[in-house]
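Asks: Assemble chain B onto chain A, guided by the hints.
Chain by chain, the residues:
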Amino acid sequence: NAGVTQTPKFHILKIGQSMTLQCTQDMNHNYMYWYRQDPGMGLKLIYYSVGAGITDKGEVPNGYNVSRSTTEDFPLRLELAAPSQTSVYFCASSLNTGTSGNTIYFGEGSWLTVV
Amino acid sequence: EDKVVQSPLSLVVHEGDTVTLNCSYEVTNFRSLLWYKQEKKAPTFLFMLTSSGIEKKSGRLSSILDKKELFSILNITATQTGDSAVYLCAAGGSNYKLTFGKGTLLTVNP
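Quick mapping for you: the protein sequence lines, in order, are chains A and B.
So for the first sequence, my numbering puts the first residue at 29; every next one is plus one.
So for the second sequence, my numbering puts the first residue at 160; every next one is plus one.
The hints are simulated quantities; they were obtained by calculation from the structure and are not laboratory data.
A hint or two may mislead.
Said to hold, decoys possible - Dumping the calculated BS3-like pairs for lysine-lysine here, alpha-carbon to alpha-carbon at most 30 Å: (1) Lys216/B with Lys37/A; (2) Lys215/B with Lys72/A; (3) Lys37/A with Lys261/B; (4) Lys200/B with Lys85/A; (5) Lys226/B with Lys85/A; (6) Lys199/B with Lys72/A; (7) Lys200/B with Lys261/B; (8) Lys72/A with Lys216/B; (9) Lys227/B with Lys200/B; (10) Lys72/A with Lys162/B; (11) Lys85/A with Lys37/A; (12) Lys200/B with Lys37/A; (13) Lys162/B with Lys216/B; (14) Lys226/B with Lys42/A; (15) Lys37/A with Lys196/B; (16) Lys85/A with Lys72/A; (17) Lys200/B with Lys42/A; (18) Lys215/B with Lys42/A; (19) Lys227/B with Lys215/B; (20) Lys85/A with Lys216/B; (21) Lys72/A with Lys196/B; (22) Lys72/A with Lys261/B; (23) Lys85/A with Lys261/B; (24) Lys85/A with Lys162/B; (25) Lys72/A with Lys37/A; (26) Lys85/A with Lys196/B; (27) Lys261/B with Lys227/B; (28) Lys261/B with Lys42/A; (29) Lys162/B with Lys196/B; (30) Lys72/A with Lys226/B; (31) Lys200/B with Lys215/B; (32) Lys215/B with Lys162/B; (33) Lys162/B with Lys200/B; (34) Lys37/A with Lys226/B; (35) Lys261/B with Lys199/B; (36) Lys215/B with Lys226/B.
Bound-form chain A, shown alone:
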């Protein structure tokens, strides 16, 4: 009963370093998302993907990159990490029913600190 799995759960990164947050889902969902959550600010969409090979920017894409080579995986890359990227990152997925709405399912979150 895996659902959406993210790794790592916690990480400390130095300014200027790069890293990749991994995300995989086993529900055969076509849509996948990366959100960041800062205290008192709700969830902000970084990037999303509507299917393998297709990605698009969300509200706050600067400083991040994504790829979607398979339906299951949607890694998020941080290039040249900055303190402003200290946050909790959630990966999520959903099945586009093409009807009246969809429910997204979240991973457990990745706590990232940039020092």
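Replies: Chain B alone, transformed into the frame defined by chain A:
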């Protein structure tokens, strides 16, 4: 730009009280409104609402949507300390992206 506003931002009640959480939205080509409960970790799904006036209910929680006035409410009756959490409202449009509000922090004291 799509927008979701929740109120109040925080609320402290005593066990047994009834609470009402509010969510207003402005979303292009609105399709659905979702409520999530977030404790320490990831948000967990509560309700999805797509039609006006139809109440969704799960135990002590219920929610309703008003598409004319562009808002939804989440009611929790007979609150318990385990209801303490951040409650997130999100609205989705035709592109299936969800716009989240900032959340309401509910604290239920014994």
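Asks: Look at each hint and say if it fits the structure.
Replies: Verification of the supplied hints:
no.	hint	result
1	Lys216/B with Lys37/A	33 Å, violated
2	Lys215/B with Lys72/A	27 Å, holds
3	Lys37/A with Lys261/B	23 Å, holds
4	Lys200/B with Lys85/A	25 Å, holds
5	Lys226/B with Lys85/A	28 Å, holds
6	Lys199/B with Lys72/A	18 Å, holds
7	Lys200/B with Lys261/B	16 Å, holds
8	Lys72/A with Lys216/B	28 Å, holds
9	Lys227/B with Lys200/B	34 Å, violated
10	Lys72/A with Lys162/B	12 Å, holds
11	Lys85/A with Lys37/A	24 Å, holds
12	Lys200/B with Lys37/A	11 Å, holds
13	Lys162/B with Lys216/B	25 Å, holds
14	Lys226/B with Lys42/A	47 Å, violated
15	Lys37/A with Lys196/B	20 Å, holds
16	Lys85/A with Lys72/A	11 Å, holds
17	Lys200/B with Lys42/A	24 Å, holds
18	Lys215/B with Lys42/A	47 Å, violated
19	Lys227/B with Lys215/B	18 Å, holds
20	Lys85/A with Lys216/B	35 Å, violated
21	Lys72/A with Lys196/B	17 Å, holds
22	Lys72/A with Lys261/B	10 Å, holds
23	Lys85/A with Lys261/B	21 Å, holds
24	Lys85/A with Lys162/B	17 Å, holds
25	Lys72/A with Lys37/A	19 Å, holds
26	Lys85/A with Lys196/B	26 Å, holds
27	Lys261/B with Lys227/B	23 Å, holds
28	Lys261/B with Lys42/A	29 Å, holds
29	Lys162/B with Lys196/B	19 Å, holds
30	Lys72/A with Lys226/B	24 Å, holds
31	Lys200/B with Lys215/B	25 Å, holds
32	Lys215/B with Lys162/B	23 Å, holds
33	Lys162/B with Lys200/B	24 Å, holds
34	Lys37/A with Lys226/B	38 Å, violated
35	Lys261/B with Lys199/B	16 Å, holds
36	Lys215/B with Lys226/B	15 Å, holds
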